[in-house]
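Asker: The lines below spell out each chain.
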Amino acid sequence: MSFTRMMEGNEAAAWGAKLARADVVPAYPITPQTELISNIASLIADGTMKTEYIKVEGEHTAMAAAVGASAAGARVFTASSSQGIAFMDEPLWIPPGRRLPIVMCMVNRSMAPLGGLRPDHNDSMHQRDKGWILLYCENSQEVLDTILQAYKIAENPEIYLPVGVCYDGYFVSATATPTTVPDQAKVDEWLPPYKHEWYDLMPDSYKMPPPKSFLKQRIGVAEAHQKAKKVIEAVDVDYKKHFGRGYGGLIEEYNCDGAEAVLVTMDSMTGTAKDVIDEMRADGKTIGLIKLKCFRPFPTEKFREIAPKYNAIGVVDRNNSFGSAGGGIVAVELARALYDLSERPVIANFHVGLSGTDVTMNQIRYMADETLEAAKKGKVKQVVDWVETHDLGEVM
Amino acid sequence: MYNDEFEKYYEEQLIQGGTTCCPGCGGPLFWKLALKTLGKNTIVYGDGPCAMCALRSIKIPHYAIHFSFIADGATGISAALRAKGRNDVTLVSSGGDGASSDISFGKISAAAERNENMIQICIDNEAYMNTGIQKSGLTPYGAWTTTTPTGKESNKKDIPMIVAAHKVPYVATASVAYPQDLARKLEKAKSIDGFKYIHTVIPCPTGWRFDPAKAVEVTRLGVDTWVNPLYEVEAGVLKVNRKAEAKPVQEYLGAQGRFRRLSKDQIAYVQGEVDKKRDDLLANDAKKIIH
Chain B
1 MSFTRMMEGN
11 EAAAWGAKLA
21 RADVVPAYPI
31 TPQTELISNI
41 ASLIADGTMK
51 TEYIKVEGEH
61 TAMAAAVGAS
71 AAGARVFTAS
81 SSQGIAFMDE
91 PLWIPPGRRL
101 PIVMCMVNRS
111 MAPLGGLRPD
121 HNDSMHQRDK
131 GWILLYCENS
141 QEVLDTILQA
151 YKIAENPEIY
161 LPVGVCYDGY
171 FVSATATPTT
181 VPDQAKVDEW
191 LPPYKHEWYD
201 LMPDSYKMPP
211 PKSFLKQRIG
221 VAEAHQKAKK
231 VIEAVDVDYK
241 KHFGRGYGGL
251 IEEYNCDGAE
261 AVLVTMDSMT
271 GTAKDVIDEM
281 RADGKTIGLI
291 KLKCFRPFPT
301 EKFREIAPKY
311 NAIGVVDRNN
321 SFGSAGGGIV
331 AVELARALYD
341 LSERPVIANF
351 HVGLSGTDVT
361 MNQIRYMADE
371 TLEAAKKGKV
381 KQVVDWVETH
391 DLGEVM
Chain Y
1 MYNDEFEKYY
11 EEQLIQGGTT
21 CCPGCGGPLF
31 WKLALKTLGK
41 NTIVYGDGPC
51 AMCALRSIKI
61 PHYAIHFSFI
71 ADGATGISAA
81 LRAKGRNDVT
91 LVSSGGDGAS
101 SDISFGKISA
111 AAERNENMIQ
121 ICIDNEAYMN
131 TGIQKSGLTP
141 YGAWTTTTPT
151 GKESNKKDIP
161 MIVAAHKVPY
171 VATASVAYPQ
181 DLARKLEKAK
191 SIDGFKYIHT
201 VIPCPTGWRF
211 DPAKAVEVTR
221 LGVDTWVNPL
231 YEVEAGVLKV
241 NRKAEAKPVQ
251 EYLGAQGRFR
261 RLSKDQIAYV
271 QGEVDKKRDD
281 LLANDAKKII
291 H
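Just so you know, the sequences run in chain order B and Y. Take the first sequence: its letter number 57 is residue 57 in our numbering, and every next letter is one higher. Take the second sequence: its letter number 280 is residue 280 in our numbering, and every next letter is one higher.
Watch out, some of these pointers could steer you wrong.
Said to hold, decoys possible - SDA-like cross-link-like pairs, simulated, lysine to any residue; straight-line CA separation at most 25 angstroms: (1) Lys190(Y) / Ser205(B); (2) Lys212(B) / Leu33(Y); (3) Lys55(B) / Pro160(Y); (4) Lys207(B) / Glu12(Y); (5) Lys207(B) / Asp88(Y); (6) Lys84(Y) / Trp190(B); (7) Lys216(B) / Ile65(Y); (8) Lys207(B) / Ile65(Y); (9) Lys50(B) / Val89(Y); (10) Lys32(Y) / Cys53(Y); (11) Lys55(B) / Arg114(Y); (12) Lys32(Y) / Asp204(B); (13) Lys59(Y) / Glu197(B); (14) Lys207(B) / Arg114(Y); (15) Lys195(B) / Lys190(Y).
As the list claims (entries may be wrong) - If you want the footprint, here are the derived chain Y segments under chain B, 3+ residues with CB under 8 angstroms: (16) 30 to 42; (17) 152 to 162; (18) 205 to 219; (19) 237 to 248.
No lab work stands behind these hints, which were simulated from the structure alone. Small disclaimer: the values here were computed from a predicted structure and weren't measured. Cβ atoms here follow ideal geometry from the backbone N, Cα and C, with glycine treated the same way.
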């Protein structure tokens, strides 16, 4: 039966894996992912979840075991954070090239040194070049729903790519928000059992995809990413039809009607930003919000379609890309996406919330005002603005 | 002259002829013998050393990543087999000496600790031969490699005994020079649930520097000099399988170019180490050594 209660992001993720009937979960603990796997262990112990949970000795093995299990016909779920994802770097290259539909939660936490335990997005964005689909979530409900959507996307034979379901450590992972856990039978109806059309390792029915050249394999992954954009949107629409909740697929446009400028946010800060945008709109300021849900594949066409409506886009990057062409990872991506447009908005760029510092309402108001000013002047003050270096009259 | 018998023989083997291995490589020989015992209902995960050239030619399900991935993917396959209720399939995980003793050493230890249901095989040609003869943790004392041009200064890791110390159900050393013993050990490993470990030193004429025609002869000398003794540890009890009087190590070392630079003192040192190991094995034969 479906039920609704207050639930932390990590518990919602465990329910997502349970509802998806993940056959195999190889995982290694790391803060702030830990409660996710201990929740899975509890669901197994009380008989709610039936899965092979492998308590591996490190993240490298977690992903390698995921690869073996997925190729052998099991639906696989795993999760990690920060240094753990970095330790997994070598095996993380395997599932996209081998086209294995593994789903992994990336519970965002900043990277060393001095990163601490709190979130920014460098750990998951670091995966951007490997071929993983990367989806970002705002709250517990979105985490659960996105895991179910992730399997549907990943296991589409046109796609066959792994999916990273990303959410902020603590702000999402350990913050309880009302969450509806859908009925198992309803999920079963929507998400059929996993069967890979290319692979079968069982001796009596063995099949393997014929060897491809490196070039063909890489082009295959690139094409699957292009196709995935439509599939991600279609899966979200279909999910909404069945379960009543949708997230816009690739992006969510919030309060954008008549806006001359928009902020682009990701992850948990979006909730705060929505409140600020509402207030500013009430004050007559023409600012809107775009939540970037899908970072890989990057929704280039979508942005090219909507960008001409705005005079400025303020990109909020909770990440660093040192020595980049200019600013954070999302800003650089967006600039490339819009480059060929004859009429394109100014791109303002902000670094904020690094290493899990709070992204406050004042900071969002500041970024929105700066973006509006850039829209009026047709240029930005600086390539990237480190928001936390300004005194906004807040006690942090 | 066309020979039908020859075709029939090749059809029966679970490894194709014409591998890309060097002449005299123990890899294809090992897999030919092993798969005969293990049978068709087997999945092989992992690489060998350059014996992966042999693995690419086997006719049964095979899945590999790189040599930093030993036992791990097999752990996933094992879980998938359990999830599917397939307890009839034999799962083999293979690794070379560099993988097993260096880069994936921790993975073998962890799979042993979890008592994963698989036969882990170390195909030990005593150096990174695939990359062109570089020293590994299983290169023996005194051996020349391109990274130990004056001979390796430290001893070889005793991986079979390290794995045995994990209290796994079965550990054995085996040799392609003693195929019946090898077949019996694989048969036994196949019949036991949990983690089984087979260690086999295979000949590498290219890296060891000897005439490929003498591959089996040199490998047999390794066993007969007790440099690579044959034993098994089942449920913690040691059984020495070949107790023949030891030939002098010089016969084995002298047959290979890689030991050419060893001084008399160094050879005496190797003999002393081998003697100690033999005495230790014989003193503990038929005794429970892992409690």
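Asker: Give a verdict on every hint.
Answerer: Hints, one by one, checked against the model:
Proposed proximity of lysine 190(Y) and serine 205(B) is supported: the alpha carbons are some 21 angstroms apart, at most 25 angstroms. For the given pair, lysine 212(B) sits about 31 angstroms from leucine 33(Y) by alpha-carbon distance, which is inconsistent with the 25 angstroms threshold. Under the criterion of a C-alpha separation no larger than 25 angstroms, the hint pairing lysine 55(B) with proline 160(Y) is consistent with the structure, at around 24 angstroms. As the CA atoms of lysine 207(B) and glutamate 12(Y) are separated by approximately 20 angstroms, the hinted pair is consistent with the 25 angstroms bound.
Restraint check: the Cα-Cα separation between lysine 207(B) and aspartate 88(Y) comes to about 19 angstroms, which is no more than 25 angstroms; the hinted pair holds. Under the criterion of a C-alpha separation no larger than 25 angstroms, the hint pairing lysine 84(Y) with tryptophan 190(B) is consistent with the structure, at around 22 angstroms. Of the supplied pair hints, the one linking lysine 216(B) and isoleucine 65(Y) holds, its CA atoms being roughly 19 angstroms apart against a limit of 25 angstroms. Between lysine 207(B) and isoleucine 65(Y) the CA atoms are separated by roughly 17 angstroms; this keeps the pair inside 25 angstroms, and the hint holds.
Of the supplied pair hints, the one linking lysine 50(B) and valine 89(Y) holds, its CA atoms being roughly 22 angstroms apart against a limit of 25 angstroms. Distance restraint check for lysine 32(Y) and cysteine 53(Y): the Cα-Cα separation of roughly 13 angstroms lies within the 25 angstroms cut-off, and the hinted pair is therefore satisfied. This hinted pair checks out: lysine 55(B) and arginine 114(Y) have alpha carbons roughly 8 angstroms apart, not beyond 25 angstroms. Of the pairs offered as hints, the one joining lysine 32(Y) and aspartate 204(B) holds, with about 20 angstroms between alpha carbons and a cut-off of 25 angstroms not exceeded.
A threshold of 25 angstroms between alpha carbons decides the hint, and for lysine 59(Y) with glutamate 197(B) the separation of about 21 angstroms falls inside it, so the pair holds. Taking the CA atoms of lysine 207(B) and arginine 114(Y), the gap is about 29 angstroms. The hint is violated against a cut of 25 angstroms. Straight-line distance between C-alpha atoms of lysine 195(B) and lysine 190(Y) comes to about 29 angstroms, which puts the hinted pair past the 25 angstroms bound. Counting residues of the segment 30 to 42 of chain Y whose CB lies closer than 8 angstroms to any CB of chain B gives 3, so the stated coverage by that chain holds, three being the minimum.
Coverage of a stretch by a chain is defined here by at least three residues with a beta carbon nearer than 8 angstroms to that chain's beta carbons; for the segment 152 to 162 of chain Y and chain B the count is 0, and the condition is violated. Only residues whose beta carbon comes within less than 8 angstroms of a beta carbon in chain B count, and the segment 205 to 219 of chain Y has 0; fewer than three means the coverage is violated. Here's how the segment 237 to 248 of chain Y fares: 0 of its residues keep a CB closer than 8 angstroms to some CB of chain B, so the rule of at least three is not met and the hint is violated.
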